[in-house]
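Take the sequences, apply the hints, and build the full model.
Position one of the sequence shown corresponds to residue 991 (this note's numbering), numbered consecutively onward.
For the record, the hints were derived by calculation from the structure and aren't laboratory data. None of the values given here were measured: they were computed from a predicted structure. Heads up, none of these hints are tricks.
Quick list of in silico lysine to aspartate or glutamate cross-link-like pairs, EDC-like style, CA-CA up to 16 Å:
no.: 1; residue 1: 1298; residue 2: 1179
no.: 2; residue 1: 1266; residue 2: 1252
no.: 3; residue 1: 1298; residue 2: 1261
no.: 4; residue 1: 1044; residue 2: 1102
no.: 5; residue 1: 1044; residue 2: 1064
no.: 6; residue 1: 1044; residue 2: 1061
no.: 7; residue 1: 1266; residue 2: 1253
no.: 8; residue 1: 1157; residue 2: 1061
no.: 9; residue 1: 1220; residue 2: 1137
no.: 10; residue 1: 1040; residue 2: 1102
no.: 11; residue 1: 1220; residue 2: 1273
no.: 12; residue 1: 1100; residue 2: 1064
no.: 13; residue 1: 1131; residue 2: 1032
no.: 14; residue 1: 1131; residue 2: 1031
no.: 15; residue 1: 1151; residue 2: 1064
With beta-carbon atoms standing in for the labels, derived distance ranges:
no.: 16; residue 1: 1136; residue 2: 1034; range: 15 to 25 Å
no.: 17; residue 1: 1097; residue 2: 1225; range: 41 to 51 Å
no.: 18; residue 1: 1219; residue 2: 1026; range: 30 to 40 Å
The beta-carbon is built from N, C-alpha and C at its ideal position, and this holds for glycine as well.
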Amino acid sequence: MFMKHLSRLLSIPVSAFRRFFFLLLLISFSSSAQAAVSIVDDFGNELTLKSPAKRIVALYGSFNEILCAMDLGDRLVARTAADHYPEQITALPSIGTHMRPNPELIVAMKPDLVLQMAGRSKAASALEPLRTRGIPCAMFKVASFEEMFSMIRRLGILTGKPGAAQKLVDSMNARLNAVSERCVRSSSESAPSVFFEIRYPNLLAAGQGSIVNDIIRHAGGINCVDNHKKIVRLGEEELMRLNPQNYVYQTGRMNPSPVRPDERSHLRFLDAVRNKKILNVDESVFSRPGPRNVEAVEILADFLLNQKEK
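Printed below as a string of structure tokens:
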């Protein structure tokens, strides 16, 4: 009776109105089914959200950069005390640090998703009190551009914006390909060796398990530290043995006031120092996995190509 009465009011035949009504129901059910999103994070944890995340807390700065690059910065509701980039997140409330976030402050923000980057064991344990409170959490591990692209695509799924995620990946890939074309070497040429200093004194270097290693590779160089770890502790004797052609050292939270390598008397015999092949870089651009790593590749490639031309 309801359909007949409504069809008369709308001057639509009952049969046509019935088809229209069932089509609306089908669209409604289809939309509801598509609203749920699901991924598996880098530690095998399956995460399903009833709908795309709208209130996100990132416990590591990479996620802020990625989400803002996808024009989703308005979905971030908090930041860690150390995160001040991009500038738009500085007005957000702080919920502690990457390794020691405050669970009560996070719960008060009513997030529907918390993102964490793997590192030390404390990174994983920081999520435990949040998961016990029913807050969906995902943790990622990034040591290469391919792993980063995979993470970005999954963030696109969790936010219901897979197109924006793929657009960001495509943009980054295009710039990496442009660098590769510039760095083509003849078959007789070998890749220049690069040493990347994370911290000094108590020397720490970037190993093969770091995003820095992939930055060096994409820039046309080769990481002279042949160790699978992300961060490698080295003695000065080992550095002398490696004798890199190029010395890159960062400035940032891990290395706040570095001494230039050519001002350290014990390094004067390194090829990189003798030939003045030394580059100082921004830690947040080189060592933090995110969109700016492409800029790091471009900076390092320019440096290596210029050194080659001298």
